[in-house]
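For this one, chain A is given, so just place chains B and C on it according to the hints.
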Amino acid sequence: MNSSPELECIDVHISFDHSLVVDQFSLAFPRGQITAILGPLGVGKSSILGALNRLNELVEEYTVEGRILFQGQDIYDPKVDPLKIRQSIVTLFTAPHLFPKSIFENIAWAPRILFPQNDLEAVVQQSLEKVNLWSEIKDRLRHPAVRLSAGQQQRLCLARALAVKPSVVLMDEPTSTLDPISTQKFEEILRTLTAEYTLVLASSNLQQVGRVSDNTALFLPGPERRGTLIESGATQELFLNPQQRLTEEYFSGRFTR
Amino acid sequence: MEFRKVPRSGDGFSDRLASRFLAICAGVSVSLLGAIFLVLLVRSFPILVSWSSLEVLLPYAGVTILTGALGTFFGFGPALGLSLYLFEYPQSLFARFMMRVLHIAARVPTVVYGFFALTVVTPLLSTILGDYRLLGYNTLSPSLATGLLIIPLMTKAMLESLGRADRNLRLTGMSLGISSFTGLVTLVVPAARWGIGAGVLIGFSRGIGQTMISALAGGSGEFVSLLQPAQSLAGFIVSSSTGVLSPGTPEYSGVFFAGLLLFTLSFGAAAGAKILENKE
Amino acid sequence: MTLVLRFLGLGVLGALLVLGFSVVDSSLGFVSYEIDERVTWPIPTSRDDLLIGLESLLSSEELTQAGGFGTLQTLSTSDLRTLYGTFGRAPRIRRAWTGSESFFSSTAIREWHQEYNPQGLLEFKVWLAQILTPQNRGFFVLSEGIWPAIWGSLFILLLATSLSFLLGFGTGLYLGELGQGNRWSKFVERNVFFLAGVPPVVFGIFGFALFQGNMSLLAGGVAVALYLLPGAIVATYDGIRSVPIEIRLTGRSLGLGWWRVTQDWVIPQAWPHILSDYLGYLVRALGDAAALLMVSGMVLVNQSPRGLNDPFTTIPIQIFHWAVHPEPGFRNLAASGILVLFIVMGGLYSISGFGTRKRKKYNEF
Chain A
1 MNSSPELECI DVHISFDHSL VVDQFSLAFP RGQITAILGP LGVGKSSILG
51 ALNRLNELVE EYTVEGRILF QGQDIYDPKV DPLKIRQSIV TLFTAPHLFP
101 KSIFENIAWA PRILFPQNDL EAVVQQSLEK VNLWSEIKDR LRHPAVRLSA
151 GQQQRLCLAR ALAVKPSVVL MDEPTSTLDP ISTQKFEEIL RTLTAEYTLV
201 LASSNLQQVG RVSDNTALFL PGPERRGTLI ESGATQELFL NPQQRLTEEY
251 FSGRFTR
Chain B
1 MEFRKVPRSG DGFSDRLASR FLAICAGVSV SLLGAIFLVL LVRSFPILVS
51 WSSLEVLLPY AGVTILTGAL GTFFGFGPAL GLSLYLFEYP QSLFARFMMR
101 VLHIAARVPT VVYGFFALTV VTPLLSTILG DYRLLGYNTL SPSLATGLLI
151 IPLMTKAMLE SLGRADRNLR LTGMSLGISS FTGLVTLVVP AARWGIGAGV
201 LIGFSRGIGQ TMISALAGGS GEFVSLLQPA QSLAGFIVSS STGVLSPGTP
251 EYSGVFFAGL LLFTLSFGAA AGAKILENKE
Chain C
1 MTLVLRFLGL GVLGALLVLG FSVVDSSLGF VSYEIDERVT WPIPTSRDDL
51 LIGLESLLSS EELTQAGGFG TLQTLSTSDL RTLYGTFGRA PRIRRAWTGS
101 ESFFSSTAIR EWHQEYNPQG LLEFKVWLAQ ILTPQNRGFF VLSEGIWPAI
151 WGSLFILLLA TSLSFLLGFG TGLYLGELGQ GNRWSKFVER NVFFLAGVPP
201 VVFGIFGFAL FQGNMSLLAG GVAVALYLLP GAIVATYDGI RSVPIEIRLT
251 GRSLGLGWWR VTQDWVIPQA WPHILSDYLG YLVRALGDAA ALLMVSGMVL
301 VNQSPRGLND PFTTIPIQIF HWAVHPEPGF RNLAASGILV LFIVMGGLYS
351 ISGFGTRKRK KYNEF
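Chains as they are written, first to last, in this note's numbering: chain A, 1 to 257; chain B, 1 to 280; chain C, 1 to 365.
Keep in mind that the hints were calculated from the coordinates and are not lab data. It is possible that part of the hints are untrue.
[Stated by the list, open to error] Dumping the calculated BS3-like pairs for lysine-lysine here, alpha-carbon to alpha-carbon at most 30 Å:
hint: 1; chain 1: A; residue 1: K79; chain 2: A; residue 2: K165
hint: 2; chain 1: A; residue 1: K79; chain 2: A; residue 2: K101
hint: 3; chain 1: A; residue 1: K165; chain 2: A; residue 2: K130
hint: 4; chain 1: B; residue 1: K279; chain 2: B; residue 2: K156
hint: 5; chain 1: A; residue 1: K101; chain 2: A; residue 2: K185
hint: 6; chain 1: B; residue 1: K274; chain 2: C; residue 2: K186
hint: 7; chain 1: B; residue 1: K279; chain 2: C; residue 2: K186
hint: 8; chain 1: B; residue 1: K156; chain 2: C; residue 2: K186
hint: 9; chain 1: A; residue 1: K138; chain 2: A; residue 2: K165
Bound-form chain A, shown alone (with noise of 0.2 Å):
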């Protein structure tokens, strides 16, 4: 296991027009471990990945004070190109975001404008492989995406992510929308990908961040409604020996704020 982590927020605020939403907290996110940021909807885990690789900026008055340092590099520095950046800290989003076209045209367009030279049939069939869809519709490469079943999609989506080969894979609550067939299906997709990259799962599903991540951060609304870090640590650790007390509440159910 790597010592360093392959991202780092440190002494991280997140605020949106002005306004703090997410008070100061460090995270390291380790190399090849899926790291989940446990919490109750609206507590501001889209707004912690959005800054992780500077989506955030796109929607709207944003600003971030601390450092959030990938592989070492402060990705806030202005020399650094926040397009490779999110080329590496790739996103999934919670419903899957199709684009209106073939199956095959989803995952190929971005590799074949980021890397020109290499075999967009070879890519767009080993992403697909990496999560188990490549069988159930190599023979339906151009036909619309949309017409896959929605677990599909997302996989899909997983799929078009991978084909840019990031480093990191950011998702946000990616199988709430999704059957629990299609959730396992997806979780058991994430365990194979920890060899080649580093996960992080934002999550409202206790029960999924148990099953599924090596490490947990907690957060919880704090003062004024920012979110706040609880706690973080091993998933096992944090699960059977919390140490703090709203942790520990917020497992029982107790939480209600």
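Structure of chains B and C alone, referenced to chain A:
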């Protein structure tokens, strides 16, 4: 720790190039308005400096304003009434039908309304007023036709304004025992008065800006009375374009001045409408 | 109270119906022609008849001026017809009636004809047929046609679009994609609002100034281009804004830049919406006479324009010309012209309806 404001990042070379190009487009579009004003101003300069030529044109402006104002006056009632009805009963057969009709009527070109003024309104007026007055060109017919022209526009603006103002006013009124319609009139309309006023001004602006109606049915000459012919700015422009216009003649500058007046008048009305809208 | 409002609405409806009815009504009816022995009407259609007729119509000087009989034979049939129409004599119209008059007072009409024009011809005429005949190109009431105007309208719209669509597209794209809330884009928006409110005559005067009074297609193109500019801007803006933000977010989250995502995904998805909205503005420009008044002038034009510097006329301008003529028959011409205008507008508009349907299909997202 540093507090950094992060800008919108669209960072590649082609991104910057494209956004520059688009900003230039926007700039050009904006400067066109100013360019038109300037050209008109410059070309009408000879007339502006000589008061007597000015005097000839100002009555035309008066007729234009009169026609616009009368048209707005005639159209205001039906527009407000229609918008109230459409707002209160949007699902009724009548309402849906009228929406369709207004939608189509809004697209009818002004020439057609001019034709209407000439061939229907004027003879109709002459019948109503008795055959001892054989009406030809006059100022009343264009005003009426203009009113009809701007009704769809005003109705749409007022309807939108009512929608914005309503929020829950009517519901509140109804919970206090007032009927929905009364609530509409006594609560929502006053709340929407700025928007309704803006709608009126927009109608007025359009009424001033139309050329065909006054050109076809208005006639020529000085204004004497509503039932007599009188030339508006539009009519003046039309009659000027018949002849050959050589630069330097008062007619030449006159056309530009007429254009300048029309531009300014309708701009003023539209600006007024914007101001009223902002008060909402 | 609602009854009063309904009454008002019905009043408006009634007025519009009367308008529509009067247009149709004026486009057909009885016509009382004066025929005398000098009349050489209708214009023959066969070349032989045309040549024979021209021979007798043209005086010897005119014939030499035209290059002699040999040159005549080399002209096309439609040119021969035009020549014939120029030198020939159409019957004069004593009086024309509307359709409703013809229907309700046919006996009174016949009596009038007997009394005032006994040597002449009384005929029921559908003016629409006349103006739609391509060979009819003006000079007399009975040879007025609308085809030159139709071509003129078409060329003007095409020219105007090619002049201002790109500019409007760029501006609309700027407002829709880049200008969110900052002061500059609010300024641009306000400007577009005012530009849209400018009376179209003013655009015509501007075009007139720009081209120093040359009544050319290009000058008209500029005027109509200005008229269409706000339309292009708003159509693009609405189209771009109708594309949901998810597509942009997804594209950007893969590490691609703003322009790339816009060009590959946003614009293609917005395109049907943009086009069908723009078509609506084109239709509006089709019906506008004011923008072209100063530029097209009151010159009676009979040819379809061939080059950028040719004089031209458009359908609404033609209608206007006809409507102002006091002589009998011209009002009927104007009414038929309006019918043609409606037909063309309706036709174009239904094309944009297809665009709307295509838009719905694209959004099965």
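These are the hints, each one checked on the structure:
1. A/K79 to A/K165: holds (22 Å)
2. A/K79 to A/K101: Violated, at about 35 Å.
3. A/K165 to A/K130: holds (12 Å)
4. B/K279 to B/K156: Satisfied, since the Cα-Cα distance of roughly 19 Å is no more than 30 Å.
5. A/K101 to A/K185: With Cα atoms ~24 Å apart, A/K101 and A/K185 stay inside 30 Å; holds.
6. B/K274 to C/K186: At roughly 13 Å apart (the allowed maximum being 30 Å), C/K186 and B/K274 satisfy the hint.
7. B/K279 to C/K186: holds (17 Å)
8. B/K156 to C/K186: holds (23 Å)
9. A/K138 to A/K165: holds (21 Å)
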